[in-house]
Amino acid sequence: MKKGIKSRFFSRRRSLFTIGIICSVIIAFFTIIGPFIWNADPTATDYANQCLPPSGEHWFGTDNNGRDVFTRVISGAHLSIGVALAVVGIGAAIGITVGIVAGFAGGAVDTILMRIVEIMLSFPGIIFALAVLGTLGNGTEHQIIALAAVRWAHYARLVRIETISVMNSEYLPASRAIGNSKLRIVFRYILPNIIGRVIVIATLSIGPVILAGASLSYLGLGAQIPSPEWGLMINGGKEYIRQAPWITVAPGIAAVFTAFSFNLLGEGIGDLIDPRLKEKAEVD
Amino acid sequence: MSGEPVIKTEDLSVEFQVGNGSVKALHDINVSIYDGEVLCLLGESGSGKSVFGNSILRLHPDNALVKGKIFFNGQEITALSDKEFLPLRGAQLAWVPQSAASSLNPLKSIGKQVDEVYRLHVENDKKKARENTIDLFRLLGLPRLPELADDYPHELSGGMKQRVLVAMGTSAFPKFIVVDEPTKGLDAVRKREVIKRIGHMQKTHKSTMLLITHDVAVAESLANDIGVMYAGEIVEYGSKDEVLNSPKHPYTRGLINALPQNGFHAIKGFSPSASDMPTGCKFNPRCPECTQECIDGHPKLIISESEKHVARCYHA
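Taken in order, these protein sequences are the chains called A and L. Under our numbering, read the first sequence as residues 1 to 284, first letter to last. Under our numbering, read the second sequence as residues 1 to 316, first letter to last.
Just so you know, the hints here were simulated from the structure itself, not pulled from any lab data. Errors might be hidden in some of the hints.
[As the list claims (entries may be wrong)] Using 27 Å as the maximum straight-line C-alpha spacing, the simulated DSSO-like pairs for lysine-lysine come out as follows: (1) A:Lys182 x L:Lys67; (2) L:Lys127 x L:Lys24; (3) L:Lys127 x L:Lys203; (4) L:Lys203 x L:Lys128; (5) L:Lys206 x A:Lys182; (6) L:Lys126 x L:Lys206; (7) L:Lys175 x L:Lys69; (8) L:Lys308 x A:Lys182; (9) L:Lys268 x A:Lys182; (10) L:Lys268 x L:Lys184; (11) A:Lys182 x L:Lys126; (12) A:Lys182 x L:Lys128; (13) L:Lys203 x A:Lys182; (14) L:Lys83 x L:Lys175; (15) L:Lys69 x L:Lys24; (16) L:Lys300 x A:Lys238.
Start from the sequences, fold in the hints, and give me the full structure.
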């Protein structure tokens with residue numbers, strides 16, 4: 001902390017985090033401001049210019065309906081990323097609550113909650129999401145609910161184990177001995193000690209969730225044609241993959257790049273939150 | 001020794017439920033600790049010293065069954081509900097845990113952790129809490145003040161962490177402190193430093209203290225009274241000088257003979273397992289003076305005003 005901002009961001013360990021931040025800023029720029037700069041209609045078709053390769057005019061080429069792929073990737077970003085953030089946020093909130101309650105209460109509460117979690121985890125995630133979507137019907141909100149319904153169980157299991165490990169640590173009896181109430185112990189001791197790992201896992205799962213959302217859209221659930229959602233674009237372009245690979249590759253790269261940046265960001269945040277790792281980072 | 005004792009226990013026993021049976025870790029402890037005095041419980045690992053300390057603060061796991069009564073300033077604290085007991089912890093009754101290395105929250109600076117106790121129990125004032133913390137750190141001889149308070153536990157040595165824990169225990173000026181193995185895992189130099197500082201702090205604050213240790217030297221430098229524990233019982237009780245200079249119980253004599261300066265004469269055998277106690281006097285299998293009487297009967301220990309130096313032994 002005293003060593004200045006420079007060593008914090010540019011030591012070897014931090015450099016990955018710095019790249020993560022830079023990438024995330026780029027993504028945020030394109031997602032939030034991009035649609036205002038490249039404000040062409042992403043659904044406007046132009047059948048005179050079908051499947052054009054990338055060029056100065058169409059950076060990522062055009063698709064089978066003559067729509068500019070770059071405009072579509074940009075204007076679809078908020079859909080794909082927004083869904084992923086909402087899913088991870090809701091999933092983590094439920095997972096943290098369930099996990100802490102289970103780990104802290106123990107006994108029958110723990111057993112019941114964890115059996116529910118195991119039932120959730122025993123379904124293949126995408127099948128369960130399909131079942132939820134089948135019941136609720138299509139739509140972005142339903143897509144979020146379906147994916148969050150799968151995700152929370154992962155977080156709950158992690159949080160429970162971390163909670164138990166904090167409960168068994170030797171500073172917990174010390175915290176009780178100084179007169180902390182149970183609620184204070186949960187919020188002042190357990191939560192701060194587990195949140196770093198939860199954030200790492202949550203940000204790491206943003207990538208897979210973007211891809212899972214894309215899969216659902218690819219299967220025709222979630223976002224609907226002609227929405228520029230990335231999964232849907234990949235789905236739409238798959239028939240032209242030999243003649244015009246850019247239709248699928250561009251949104252694919254966007255999804256992978258986003259997942260990659262969030263992963264770097266997640267690990268970096270985890271390190272920053274934990275003071276024990278600061279020292280190591282400075283030694284590197 | 002005058003007036004009402006700060007802590008008094010009546011027939012305090014602790015059992016742990018293990019599987020289908022139970023293991024008795026503490027048997028009928030009757031002690032009184034008076035204002036400003038230090039009672040030292042001396043004994044080997046597993047003799048029930050820490051269990052006794054934890055009983056006072058109610059820090060046992062759920063499978064523990066505590067019987068008997070504990071009085072704090074005349075009030076029966078064993079009769080309080082958990083909710084009524086909570087405000088006593090840290091404010092009136094404090095506990096300095098053993099294993100200093102891992103007893104601090106790794107995510108908070110040590111200053112904040114000590115502040116927290118003050119702000120929880122005395123006054124929720126950041127500045128005053130920090131002043132109090134720094135004063136305590138100074139009293140305990142911690143270096144690099146006040147910057148040290150912003151350090152995290154992993155940046156401190158074992159002896160420093162131990163002193164931070166003592167500061168945490170005393171930050172709200174509790175009436176009574178349980179100090180559990182303050183020298184565990186410290187080297188000889190640090191040990192002396194920590195002991196000196198605890199003694200200094202105890203005298204400055206006039207705290208009443210229960211000191212738990214297996215180290216005769218620690219007991220010698222800090223205690224007023226000593227209780228020697230063996231297999232969950234107090235086997236000898238008396239003032240420091242009486243117990244250390246003219247021990248009555250063969251176990252106490254064995255402990256003193258085992259000291260390096262007395263030639264390392266180890267007591268033969270091992271202390272019995274809590275689930276497999278010998279009949280009669282629990283020390284009889286290892287005792288050089290064991291007679292038939294010791295196998296048939298279990299000697300009693302009664303501490304009274306008139307006869308303070310007592311031993312749980314037929315031959316004392």
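Against the structure, the hints come out as follows:
1. A:Lys182 x L:Lys67: holds (24 Å)
2. L:Lys127 x L:Lys24: violated (47 Å)
3. L:Lys127 x L:Lys203: holds (26 Å)
4. L:Lys203 x L:Lys128: Roughly 23 Å separates the two Cα atoms, so the pair holds.
5. L:Lys206 x A:Lys182: Not OK: Lys206 (chain L) and Lys182 (chain A) at ~31 Å, beyond 27 Å, violated.
6. L:Lys126 x L:Lys206: Holds - the C-alpha atoms of Lys206 (chain L) and Lys126 (chain L) are around 26 Å apart, at most 27 Å.
7. L:Lys175 x L:Lys69: OK: Lys175 (chain L) and Lys69 (chain L) at ~19 Å, within 27 Å.
8. L:Lys308 x A:Lys182: Distance of about 41 Å is beyond 27 Å: violated.
9. L:Lys268 x A:Lys182: violated (46 Å)
10. L:Lys268 x L:Lys184: Holds, at about 24 Å.
11. A:Lys182 x L:Lys126: Given that 27 Å is the threshold and the Cα spacing comes to 23 Å, the pair holds.
12. A:Lys182 x L:Lys128: holds (26 Å)
13. L:Lys203 x A:Lys182: violated (33 Å)
14. L:Lys83 x L:Lys175: Satisfied, since the Cα-Cα distance of roughly 20 Å is no more than 27 Å.
15. L:Lys69 x L:Lys24: holds (16 Å)
16. L:Lys300 x A:Lys238: violated (89 Å)
Violation of the numbered hints given earlier is confined to hints 2, 5, 8, 9, 13, 16; the remaining hints are satisfied by the structure.
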